[in-house]
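K.L.:
Chain by chain, the residues run as shown.
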Amino acid sequence: MLSAVPAWVFGALALVSGALVFRLDSMAKVTFALLASFLFVAGEVLLLGLGYLGVVLVLMMVMEMVIMVVFMIMYMMNPAGLMPMAMFHNTRGSAAIAGGIFIALTVGIFLVDWPARAGRPPADSTLALGESLMGGQMLTMMTLGLALFATIVASVVLATHRGRYDRFGDDLRADHPDDPIPGGVGR
Amino acid sequence: MELTRALLRFAAGRPHVLLLEVPGGTATRLAAEVELRRRGWPAAVSPAEADMVLLAGAGGARLTPMMGLLWRQVPKPRVFAHLDDAATVPQMFDEARRRLATGGETWEVFAGEEQDGDEFREGHHGDEHGGDSDHGDGDHEDTSAGGGDHGSGHEGGGEQSGGDDHGGGHDHGGGHGHDHGGMEMPGGLSMAGRGPDRDGLQLDQLHVPLGPLLPDWPAGLVVYTTLQGDVVQQAEVDVLRAESVHEGFWDEPWRRVGSGQEVARGEGARRRVAGYLDSLAGFLRVAGWPDPAVGAARSRDELLAGARAEQVTPRLRRLVRRLRRARTLRWLTDGLGVLSSARAESAGFETVLRASRGDGDVTARWQTWLTEIERILPQVDDTTALPAENALLRGESSEDPRSLPALAVLPELLEGAELAAARLIVASLAPDVTALGGRAATEVVGD
Amino acid sequence: MTEVPLWSLAVLPAVLGAATIVAIAFDVALSARAGGRAASLTEVVVVPLREAVRLLVGQRRVTTAADRVLWRTGVVTVPVIALLAALVLPLGGVAVADLGVGVVWFNAMEILAWAAVWMAGWGPNSVLSLVGGYRFVAQGLAYELPHMFALISAATAAGTLRVGGIVEAQSGVWFVVWMPVAFVVYLLSAVAMAFRGPFDAPTGRDLAGGAVEELSGVDRLVFQGGRWLLLVVAVAMSVPLFLGGGHGPLLPPWLWTVLKTAAVLAAVLWLRRKFPTVRMDRFAEIAWVVLIPLTILQALAVGVLVLTW
Numbered sequence: 000m001l002s003a004v005p006a007w008v009f010g011a012l013a014l015v016s017g018a019l020v021f022r023l024d025s026m027a028k029v030t031f032a033l034l035a036s037f038l039f040v041a042g043e044v045l046l047l048g049l050g051y052l053g054v055v056l057v058l059m060m061v062m063e064m065v066i067m068v069v070f071m072i073m074y075m076m077n078p079a080g081l082m083p084m085a086m087f088h089n090t091r092g093s094a095a096i097a098g099g100i101f102i103a104l105t106v107g108i109f110l111v112d113w114p115a116r117a118g119r120p121p122a123d124s125t126l127a128l129g130e131s132l133m134g135g136q137m138l139t140m141m142t143l144g145l146a147l148f149a150t151i152v153a154s155v156v157l158a159t160h161r162g163r164y165d166r167f168g169d170d171l172r173a174d175h176p177d178d179p180i181p182g183g184v185g186r
Numbered sequence: 000m001e002l003t004r005a006l007l008r009f010a011a012g013r014p015h016v017l018l019l020e021v022p023g024g025t026a027t028r029l030a031a032e033v034e035l036r037r038r039g040w041p042a043a044v045s046p047a048e049a050d051m052v053l054l055a056g057a058g059g060a061r062l063t064p065m066m067g068l069l070w071r072q073v074p075k076p077r078v079f080a081h082l083d084d085a086a087t088v089p090q091m092f093d094e095a096r097r098r099l100a101t102g103g104e105t106w107e108v109f110a111g112e113e114q115d116g117d118e119f120r121e122g123h124h125g126d127e128h129g130g131d132s133d134h135g136d137g138d139h140e141d142t143s144a145g146g147g148d149h150g151s152g153h154e155g156g157g158e159q160s161g162g163d164d165h166g167g168g169h170d171h172g173g174g175h176g177h178d179h180g181g182m183e184m185p186g187g188l189s190m191a192g193r194g195p196d197r198d199g200l201q202l203d204q205l206h207v208p209l210g211p212l213l214p215d216w217p218a219g220l221v222v223y224t225t226l227q228g229d230v231v232q233q234a235e236v237d238v239l240r241a242e243s244v245h246e247g248f249w250d251e252p253w254r255r256v257g258s259g260q261e262v263a264r265g266e267g268a269r270r271r272v273a274g275y276l277d278s279l280a281g282f283l284r285v286a287g288w289p290d291p292a293v294g295a296a297r298s299r300d301e302l303l304a305g306a307r308a309e310q311v312t313p314r315l316r317r318l319v320r321r322l323r324r325a326r327t328l329r330w331l332t333d334g335l336g337v338l339s340s341a342r343a344e345s346a347g348f349e350t351v352l353r354a355s356r357g358d359g360d361v362t363a364r365w366q367t368w369l370t371e372i373e374r375i376l377p378q379v380d381d382t383t384a385l386p387a388e389n390a391l392l393r394g395e396s397s398e399d400p401r402s403l404p405a406l407a408v409l410p411e412l413l414e415g416a417e418l419a420a421a422r423l424i425v426a427s428l429a430p431d432v433t434a435l436g437g438r439a440a441t442e443v444v445g446d
Numbered sequence: 000m001t002e003v004p005l006w007s008l009a010v011l012p013a014v015l016g017a018a019t020i021v022a023i024a025f026d027v028a029l030s031a032r033a034g035g036r037a038a039s040l041t042e043v044v045v046v047p048l049r050e051a052v053r054l055l056v057g058q059r060r061v062t063t064a065a066d067r068v069l070w071r072t073g074v075v076t077v078p079v080i081a082l083l084a085a086l087v088l089p090l091g092g093v094a095v096a097d098l099g100v101g102v103v104w105f106n107a108m109e110i111l112a113w114a115a116v117w118m119a120g121w122g123p124n125s126v127l128s129l130v131g132g133y134r135f136v137a138q139g140l141a142y143e144l145p146h147m148f149a150l151i152s153a154a155t156a157a158g159t160l161r162v163g164g165i166v167e168a169q170s171g172v173w174f175v176v177w178m179p180v181a182f183v184v185y186l187l188s189a190v191a192m193a194f195r196g197p198f199d200a201p202t203g204r205d206l207a208g209g210a211v212e213e214l215s216g217v218d219r220l221v222f223q224g225g226r227w228l229l230l231v232v233a234v235a236m237s238v239p240l241f242l243g244g245g246h247g248p249l250l251p252p253w254l255w256t257v258l259k260t261a262a263v264l265a266a267v268l269w270l271r272r273k274f275p276t277v278r279m280d281r282f283a284e285i286a287w288v289v290l291i292p293l294t295i296l297q298a299l300a301v302g303v304l305v306l307t308w
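Protein chains in written order, with numbering that gives the first Met the number 0: chain A, 0 to 186; chain B, 0 to 446; chain C, 0 to 308.
Quick caveat, the hints were computed from the structure, so don't treat them as lab data.
Fair warning: there could be bad hints in the mix.
[To be verified] In silico EDC-like pairs for lysine to aspartate or glutamate, Cα to Cα no more than 20 Å straight-line:
id: 1; chain 1: B; residue 1: K75; chain 2: C; residue 2: E50
id: 2; chain 1: C; residue 1: K273; chain 2: B; residue 2: D290
id: 3; chain 1: B; residue 1: K75; chain 2: B; residue 2: E1
[Said to hold, decoys possible] Using C-beta positions, here's what the derived DEER-type ranges look like:
id: 4; chain 1: A; residue 1: L128; chain 2: C; residue 2: W177; range: 54 to 60 Å
id: 5; chain 1: A; residue 1: A149; chain 2: B; residue 2: Q201; range: 25 to 31 Å
id: 6; chain 1: A; residue 1: D24; chain 2: C; residue 2: A266; range: 45 to 51 Å
id: 7; chain 1: C; residue 1: L55; chain 2: A; residue 2: A94; range: 44 to 50 Å
id: 8; chain 1: B; residue 1: Q201; chain 2: A; residue 2: F148; range: 26 to 32 Å
id: 9; chain 1: B; residue 1: G199; chain 2: A; residue 2: L47; range: 43 to 49 Å
id: 10; chain 1: A; residue 1: A158; chain 2: C; residue 2: A33; range: 42 to 48 Å
id: 11; chain 1: C; residue 1: P248; chain 2: B; residue 2: R4; range: 50 to 56 Å
id: 12; chain 1: C; residue 1: T307; chain 2: A; residue 2: L47; range: 33 to 39 Å
id: 13; chain 1: A; residue 1: A103; chain 2: C; residue 2: T307; range: 50 to 56 Å
id: 14; chain 1: C; residue 1: L5; chain 2: A; residue 2: L47; range: 19 to 25 Å
Yeah, the Cβ is synthetic: ideal placement off N, Cα and C, and Gly gets one too.
Same shape as in the complex, but just chain A:
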């Protein structure tokens, strides 16, 4: 199997860049090492013939990690995150947990009685994915989407220390919001 070669290569690279997350000493590098790890995983997904999932993984992870790097650096105890720093907390405990889980999963792979393939892969896996998500599971997905959206809005509302009363005055009658930097719409 020709695709076995890239599969092993991507797997190894994903592991290596995953390990680098703990070995590197800068927040910025660490975040992008994590991104690299995700991208290699996306490569594996693509090799499985799941084009849409693989590419969406790339898309989401890049956005996510770029936003994450901004926050990681902003919130670092260590200003700007560029100073060398160790990425470990509770070194022994976490090493034991991580090693244990890795061994358990690997053992699981060899012990599980994998089923033989029944049926054939769909001609268009994207279509099949869409139909299974938006067909029978439509209600679940819609609920999930709304719940996620509500969570985002709620957490932003909880996090910001400036509410509409600060912006538009106590009776909410101000024509223009009182913002440190005015926006472009001019409401």
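Got chain A sorted already, so can you dock chains B and C onto it with the hints?
P.N.:
Below, chains B and C without anything else, positioned relative to chain A:
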């Protein structure tokens, strides 16, 4: 090698030029801009982009270390030239290009004082920006190679430096920096300190000087900023004065009257329109609108070269009309750098910048330039003599107390602004510190 | 759409490179005209070449305490993603790889620009450069969602994510006719993702070059060249998405594609000169409060039309 030589020659056909102006260099800077436009050479915006660094105006002792620092950031092949005479600018360009084309490390000051050259040579030894850690500034100084003798605190514009290594003046952020002393600092830089930001977070503070060696920045102006992210938390204004007395370029006709010469009214009007156009061009470049900026600069240069009103007027009217209709530009500059009328008055702005009345913002200020240009433009061919009561005596403008309001209000306008807005605010005030108040003087004595 | 042989992988960069050189030359000519100088054809065509040589013989710089790994990675990523995104770009019915998920692939590649520019801004350990990198992330947050809805509109109308399929669906009416909002928003975001003017704040003059401030020599060449390439690819993609790809009377499809691409590119470069640099503190609100609802409505309208037609 023959090939390398050929490539260098080819590359030198369109060098990127970092044109820097220091007090007293207005005339040569204008001549250099004409030359750049004529040759179609692009203006570099940072030392890293430049092949040629041209310094217009006389350097001083304070400037020399800054220039050395900047020079170290210019990649080879590179050429430095000191322009101190507007008349020789075209020859200087040819010479600089010839040196660039022959590729060597040709950077000596071939028209400046010998002493400057030695200083630069010294700075040049640092060469590859390695970790000469007592500076800790290396490249972060960027184009804003500030600091100099102003206390080491302003040296480090860098990511990590800023914080606690500065001695003079500012006190902030209760000791976050050096308690990590045992750790090895990358590049010998120290850690940034922290302070509360406007959203209630504790964020890093960096001390970054803006100017004086920054393109599209008023000559000789230095603003020491404390940045959190790109928000200016604190600003302190300083002026780089030339050692010898320099007189403002823009009020020169009135000074000639003062020394007893007969000067035509038109010449004064010409100089004033050109002054506004120069401010406008600089502002538009900072606003990222190159085309009208070039248009304004062209009209300015034609006026100064003595073009008659009817030659300049049509293009200038088109430019003014275009800018008046520029809704995007207005949208981008509205509400920036608002100067309340009371503050404008108390700072002494009443005659200097009419737009500052009635809570003027950046938009109001550049629109005032347009109005002034339109108002004065018809007078440029007036041949009657400038009245003697408007004359400026030698060195007078330097002591004019009304020349300072722009510098006085700058810190309060800049604090809380983002970098982009801060640049626009500075460009919209366009303080002419060359003679400390050249602009103010023209404004006062103009009519 | 036909599959093409492997050698097309080598042709693609050459074609795109040539298109980029033409685009730069056109831009130089526009600049010269604005400066009141008549520039000859040879002069403007030589400019991109001269710039390349200038940067190749130029010295590469290193800064104090730079994060070299991320810096160089960011710089190299820009042209690489432009080329990867171009894999799905059809030239008159032929694309190097007409992937089943072409639109999503294109989108994923261009999003890598976020990481690239941020890294390039972060790397040199320089304030203005860093601010430039962050500005691009802010810009990305502003343009990306409207951009995605614009892509979704086109894909919904064609009923496929395959770029070839989208072109085929426009054999009658071009998509630009019934989704003009999506088209305009797409072009805006294409320019914004290549951070070219008026969306060039990340590399703005006010930051002394921002993300490119510290770049010199070959690094600068790769980054700036990649930026132009990104613009050309992103703008060229608007042709298969909204302007009917190779469809057109008389002329062969590839020529139509080239002509349309050239026209849109010229329009974009010309329009750029009509606007000053747009800052994100102003534009972000427009993007979220105006453009996102508009593009959602556009996608909704397209969806309803597709279902009822």
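K.L.:
Now tell me if each hint is right for this structure.
P.N.:
Taking the hints in turn, this is what the structure says about them:
1. Between K75 of chain B and E50 of chain C the alpha-carbon distance is near 15 Å, which keeps this suggested pair within the 20 Å criterion.
2. As the CA atoms of K273 of chain C and D290 of chain B are separated by approximately 8 Å, the hinted pair is consistent with the 20 Å bound.
3. The hinted pair formed by K75 of chain B and E1 of chain B meets the criterion: a straight-line CA distance of about 18 Å does not exceed 20 Å.
4. Taken as a hint, the range 54 to 60 Å is violated for the pair L128 of chain A and W177 of chain C, whose Cβ atoms sit roughly 28 Å apart.
5. Separation of A149 of chain A from Q201 of chain B is about 30 Å and conforms to the stated range, judged on CB atoms against 25 to 31 Å.
6. Here the CB-CB span from D24 of chain A to A266 of chain C is close to 48 Å, well matched to the stated 45 to 51 Å.
7. Between L55 of chain C and A94 of chain A the beta carbon distance is about 48 Å. The supplied range of 44 to 50 Å therefore holds.
8. With their beta carbons about 30 Å apart, Q201 of chain B and F148 of chain A fall inside the hinted range of 26 to 32 Å.
9. Taking the beta carbon of each, G199 of chain B and L47 of chain A are about 47 Å apart, inside 43 to 49 Å as hinted.
10. For A158 of chain A and A33 of chain C, the Cβ-Cβ distance of about 46 Å falls inside the hinted range of 42 to 48 Å, so the restraint holds.
11. The hint said 50 to 56 Å for the Cβ distance between P248 of chain C and R4 of chain B, and at roughly 53 Å that hint holds.
12. The hinted window of 33 to 39 Å between T307 of chain C and L47 of chain A holds, with their beta carbons roughly 37 Å apart.
13. Checked against the hint of 50 to 56 Å, the C-beta distance between A103 of chain A and T307 of chain C comes to roughly 54 Å, which is consistent with it.
14. Under the hint 19 to 25 Å, the C-beta atoms of L5 of chain C and L47 of chain A, about 23 Å apart, fit the expected range.
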